[in-house]
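Construct the entire structure; sequences and hints are all you get.
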Amino acid sequence: MEEKSFFERVYDVVRQIPGGKVTSYGAIAKSIGAAKSARMVGYAMNSAKDLDDVPAHRVVNRNGLLTGKSHFGDHSAMQQMLAAEGVKVKDNKVQDLEKYFWDPVEEIK
DNA sequence: TAAATGACGAGGC
DNA sequence: CGCCTCGCCATTT
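Using the UniProt record's numbering, the first residue of the first sequence is number 1, and each one after it goes up by one.
These are computed hints drawn from the structure, not numbers from a lab.
Keep in mind that a hint or two might mislead.
Said to hold, decoys possible - Only pairs whose alpha carbons sit at most 27 angstroms apart, straight line, appear in this in silico DSSO-like list of lysine-lysine:
id : residue 1 : residue 2
1  : Lys21     : Lys90
2  : Lys99     : Lys21
3  : Lys49     : Lys88
4  : Lys88     : Lys99
5  : Lys30     : Lys88
6  : Lys49     : Lys4
7  : Lys4      : Lys21
8  : Lys88     : Lys4
9  : Lys36     : Lys21
10 : Lys36     : Lys99
11 : Lys99     : Lys30
12 : Lys93     : Lys30
13 : Lys49     : Lys36
14 : Lys93     : Lys36
15 : Lys49     : Lys90
16 : Lys30     : Lys49
17 : Lys4      : Lys30
18 : Lys93     : Lys49
19 : Lys21     : Lys49
20 : Lys21     : Lys88
21 : Lys49     : Lys99
22 : Lys36     : Lys4
Right, dumping it as structure tokens:
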């Protein structure tokens with residue numbers, strides 16, 4: 001019963017992302033002990049969009065690119081939400097990624 | 001059961 | 001400096 005699915009672990013991390021911050025799939029994968037499963041994180045997010053507890057819009061790829069925006073209903077929704085939280089987004093990518101980057105490994109450990 | 005897919009990452013050319 | 005290829009691993013069909 002404690003067998004939390006890979007997805008649930010990802011959700012747990014993403015749920016801890018503070019507003020106005022973003023993180024990368026690889027960082028989340030690392031925090032859950034699956035650094036090589038970055039792709040799975042994105043896959044999990046695909047299901048996460050079904051949940052309103054998981055701010056998938058705060059998750060971007062390693063390049064700060066809003067890769068998942070295409071999976072949102074509105075392609076501008078993700079960008080709008082990030083901008084509304086204080087994250088500067090332009091051309092579908094986060095500006096000053098290092099400044100807004102939130103490392104889950106440093107918070108969860 | 002096996003094969004294909006996928007919101008990525010790192011390395012190579 | 002930019003584009004391409006390979007690897008990785010869990011879920012889905």
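### Message
Hint compliance check: list the failing hint numbers for this structure, sorted ascending.
### Response
Number 8 - this is the single hint that the structure violates.
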